[in-house]
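Engineer: Residue strings, one per chain:
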Amino acid sequence: MEAFDFVSPISIEEAVKTLASHGDKARIMAGGTDMLVQMRAGRRTAPLVVDIKGIPELNVLSYDSAKGLTLGAAVPCYKIYQDKTVAAAYPGLIDAAYLIGGIQIQGRATIGGNICNAAPSGDAIPAVIALSGVCNIAGPNGTREMPCEEFCTAPGRNALENGEILVSISMPVPQANSGANYLRFIPRNEMDIAVAGVGVSVVLDGSGQNFVSARISLASVAPTPVFAKEAGDSLAGKPVSEEAVQQASELAQAASKPINDMRGTIRQRTHLIGVLTRRSLNKAIERARGG
Amino acid sequence: MPGVTHVKTTLNDEPIDFLCEPRQSLLEVLRDVLGMTGTKEGCNDGNCGACTIILDGIIVDSCLVLGVEAEGKEITTIEGMASPEGLHPLQQSFLENAALQCGICTPGFLLAAKALLDAEPDADEGRIRHWLAGNLCRCTGYDKIIRAVLQVSTAK
Amino acid sequence: MTSNQVLSEIEYNVVGKRPLRPDGVDKVTGRARYGDDTNLTGMLRAKLLRSPHPHARIKSIDTSKAEAFPGVRAVVTAKDLPFAVLSKEELGGEYTALKFASDHMLASDKVLFKGHPVAAIAAVNAHVAESALALIEVDYEVLESVVDVREAMKDGAPLVHEDLRTNDMGETADKPSNIAMHMSYAMGDIEKGFAEADLVLEREYTTATVHQGYIEPHNTTAFWNSDGQLNIWTSTQGSFQVRGTVASVLRLPVSQVKVTPMEIGGGFGGKITAYLDAIAALLSKKAGAPVKALMTRTEVFEASGPAPASWMRVKIGVKNNGKMTAVETEIAMDAGAYPGSPAMQAIVCAFACYDVENGKVDGYDVVVNKPKTAAYRAPGSPQAAFAVESLIDEICGELKLDPIEFRLLNAAKEGTRRIEGLVARRIGLVECLEAARAHDHYKSKLSDNTGRGVACGYWPNRGFQSSVVMTVNFDGVVSLIMGSVDIGGTRASIAQQTAETLGIAYEDVKPTIVDTDSIGYTFITGGSRTSFATGLAAIDAAEDVKSQMISRAAKIWDTSEDDIEYVAGVVSHKSDEELKFSFKDLARQLATTGGTISGRSNVDPTGEGNGYAVHIVDVVVDADTGKTDVTRFTAIQDAGKAVHPSYVEGQMQGGAVQGIGWALNEEYFFDDTGKMMNPTFLDYRMPTSLDLPMIDTVIVEVANPGHPYGVRGVGEASIVPPMAAIGNAIHGATGNRMRSLPISPVRILEAGWENGKS
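Residue numbers (the working numbering), protein chains in the order written: chain A, 1 to 291; chain B, 1 to 156; chain C, 1 to 758.
Calculated from the structure, these hints are not laboratory results. Hints are not guaranteed to be accurate.
[What the hints assert, rightly or not] Examples of chain A residues lying across from chain C (beta carbon under 7 Å, computed):
1. 79
2. 176
3. 177
4. 262
[Stated by the list, open to error] Partial list, derived from the structure: chain C residues whose beta carbon lies under 7 Å from chain A:
5. 109
6. 197
7. 450
8. 620
9. 624
10. 625
11. 665
12. 669
13. 673
14. 685
15. 690
16. 746
17. 749
For glycine and all other residues, C-beta sits at the position ideal for the given N, C-alpha and C.
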């Protein structure tokens, strides 16, 4: 690996100042599980690595029944699923945190890093989009918020401007009778990149028999994670039924634009989006009904 | 030549200092700077688990941690697993159950299994298989490794 | 439900027991020293510049900028190899072999695969060496490449070697070709055999390039001392093999090269070829310092020796009762960039499980622009078995015959003549099949969506040379010195055979593996030979010790050796009950009665151990995703005699799981030009612990008549059956017959779409 300098700012202000003054010479590192691999393989270079794990705001993991979840961008996956309150409130997020890499990777990898890495296959991203996650960004010009579905702009590229960092991800309090799920397909049972992935959240009415609303998001079927808005919206107001789920899965398929590569074919991926959307919706419905 | 950083950390319960370049992984520091070669390199990209260490109680791939990140941390490597009184029960169980053939993945498996049983002494076969999925073994087919960990687990 | 059984007929005192391995404590505490753990004063690190192109002519290499880079101590290219200055006339018949070996290490005129080394740098650390690699300027003329074995065989295909001519059964063809060799065997009357058949099926099969997947990357440390002695410390399956290759490529007498085998982190055949050692040696000579090299995982995938991709056509004729009347196969194996695929082993093993009168087999060794393939556990046999055992399952389906009964009806047994002419001695295939038929697994009911498959497999287990020395210490402990590298428990298995022969305790044998200066020539650890052949050497050396112990007792008792017997570790006078020494008592007398005793043996056993395996597997296939889960697996194998049953089970389980990976998900993805797209453990998908059930084992013991304890060797046969067994099980679960490996989820989905059976 080429040589680099390493700094560990302890405040957002310090981090932003450092990043702003170094421009594209600096790269942010959280868990490092993607970045160090990319740097070692020569796919990314960075004369300056900025470790943001020492900044208090990026290590916040808090759930408030009024405000919802604040997930600092440097919080590793294992802390999320070990937090019983968070795990109970956001099982759809836990699905993803529990899938990223093996246990060793989960000890380092962060949801924030997964989002910033902006891989089409990033497992956390559809889960966060489905849960209406919002990215809280700090930069030289103050702070701004952005829905997660707008954050990834191209493979490996995100919406952060020069000097900006992702501070945290916010999620609203789960509504009554709601449920979420993330499912992916991989050839093994662990350690693979998603051939296709689907994150969903549903809100049912009090009877548990009708959809109030739904959000569906897809992995590995486009240059960036896909927010399949029409697929989710198609469920709103409909009775929970196989037909409704089937129709949503077809709309999800229509929203995907996969490519052929060594991890999957267009036909396979499109097919899997259908299968996974149905399975994921059924799991989310089960959870919404208290299952 | 790039500058080096002075790092203070705790390795197998002993406070130590070392110098390293920022680009050196903790794996490289352990093996090449500190001469602790029990931690093995298998892939250097976080996909095999041979370099597993325990960092502040959490298992990580030491190839994906920078040496400079060890500042103020507590590290356990395979060299710190046995005590002067004898082998750790998992080490003994791996021996008795023939849970190693070539042995290159063994330090990583032992530390991962230790972290699991420290947290969940009653881990069952399913849990052990899930926990160890980040550690590749190519010799054993995992059967005897799983049995060796199960023998130490209180799950029956 | 899970179980490990040993079907044993003969009990010994030490052989067949399960003692702790002598190197065990070092390996569970991190103290065992593997190749990359070598650290010498002043040691430099080497990195290799590798070709980005699968096929290109090297027009020029400029290393001047790299040489000037701070921290760089030496740079070498093919120009530094002796081959560069040797003429065809000087080398004579050696020319081609040396050019291939030399060019494989460092390319001279052409690069033949992506990852082919073109230069190497030694620097103060690996990062500096890596940075300096970028400063080497290589001017390539990119050439059209050929990747697929069948394409490479066609007229007009790009030629990997412009001057390679087919060796067709000893005749050299008149024009260049990528087919390095054609080999063929036949017996009986194949036309008649097929004419007599009630059913003849003929199918084609393919398998993908796969890797052994050992976890430890290739490494070496070389120090070319100023006295001219070259020392090498490396992870290898054969220290003498490394010595031979290095001496040959560097044109040194073998005795000028000393190779010390370090502990080895897996090999499976892939750590026989010496990739780095001669390069590190050249760098060491130039730099005047020790040089260590370590491959990255990507280099291991791209530039070590995977197992060949293959194409196979198989035709089998049977009577309605299942009796086979004729068999035929054509097998083309991709050798990679240089000749030497295991096509010969493939055609010999293809029908070795069956007793059939009429047959013809043809093999083709074909070069392509891929890394030169290397041995991988039973090289050639798994591909052939996938084809043959899949077709047999199809025949059983057509004729509604039980797959084990079919195999019992046709099984090879003592006296069966194999296609290359070898007549089998006592072998245990029938016993394995009977054990399979009797196993709870085979008798259990199948649940919905589950399929069950069965397949057989064979590997010859040949002997070759081994050398063993043992000395008797004055406390009665025997030092066992050998050249066979221990890759998975052979210190224990050789020590057990030594202890058994001497009639002493296992704990009283201390095995040590030494360098090439300290023991006689010993062939590689591989081919399931070590416990068998080095075991034979140890038994023979122990017999040598026994006869010397008898002589010594005769001397002490002032009697004739004929009056003394050595039974179960006790040396006693045949007629005087008072005169008796335990092994330890006599050992204590050695110092004062003429000194220590050393036994020695150098063996080169001929004949074959003949390992047979039968596997039963259950799978569940998710019809919606095409994903296969292996839910139950039973491996049955004739070990002859399991010296250490735990490590025999380990070989059976490990081979089975490598086979599961080969069957379901492992493959090199190449782009059209031959660049590997997935050179990481992330995308080269070997099974994890979460992908597998326990692997049940049944050790069958039908003694090998060629070994005193009946040992056959166990490492190879276990990887042969799984691919066909799984393919057959997937057919059972889905109704789709899968004829290409791997049987990945996308292939299962596609088969379902094609056949309307998804």
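Engineer: None of the hints should be skipped; say for each whether it holds.
Structural biologist: Hint-by-hint comparison with the structure:
1. Against a cut-off of 7 Å between C-beta atoms, the interface hint on residue 79/A is violated, since the closest Cβ of chain C lies about 22 Å away.
2. For residue 176/A, the suggested interface contact is broken, since its CB lies about 32 Å from the closest CB of chain C, more than 7 Å.
3. Annotation: interface hint on residue 177/A violated; nearest CB of chain C at approximately 28 Å, more than 7 Å.
4. Hint status for residue 262/A: holds, given a least beta-carbon distance of 4 Å to chain C, under 7 Å.
5. The interface hint given for residue 109/C is violated, since its Cβ lies 28 Å from the closest Cβ of chain A, which is over the 7 Å cut-off.
6. Taking 7 Å as the C-beta cut-off, the interface hint given for residue 197/C is violated, the closest approach to chain A being about 39 Å.
7. About 18 Å separates the beta-carbon of residue 450/C from the nearest beta-carbon of chain A, more than 7 Å, and the hint is not met.
8. Look at residue 620/C: its Cβ only gets to about 13 Å from chain A, farther than 7 Å, so that hint breaks.
9. Because the smallest distance between the Cβ of residue 624/C and any Cβ of chain A comes to about 5 Å, under 7 Å, the interface hint for this residue holds.
10. About 5 Å separates the beta-carbon of residue 625/C from the nearest beta-carbon of chain A, less than 7 Å, and the hint is met.
11. Hint on residue 665/C holds. Least Cβ distance to chain A is approximately 5 Å, under the 7 Å limit.
12. Because the closest C-beta pair between residue 669/C and chain A is about 4 Å apart, less than 7 Å, the hint holds.
13. Hint status for residue 673/C: violated, given a least beta-carbon distance of 14 Å to chain A, over 7 Å.
14. With 7 Å as the threshold, the beta carbon of residue 685/C comes within range of chain A, its nearest partner Cβ sitting at about 5 Å, so the hint holds.
15. Look at residue 690/C: its Cβ gets to within about 4 Å of chain A, closer than 7 Å, so that hint holds up.
16. Residue-level restraint check for residue 746/C holds (minimum Cβ-Cβ distance to chain A is 5 Å; threshold 7 Å).
17. Annotation: residue 749/C was flagged as interfacial toward chain A, and the flag holds, the nearest CB pair being 6 Å apart, inside 7 Å.
When each numbered hint is compared with the structure, violations occur for hints 1, 2, 3, 5, 6, 7, 8, 13.
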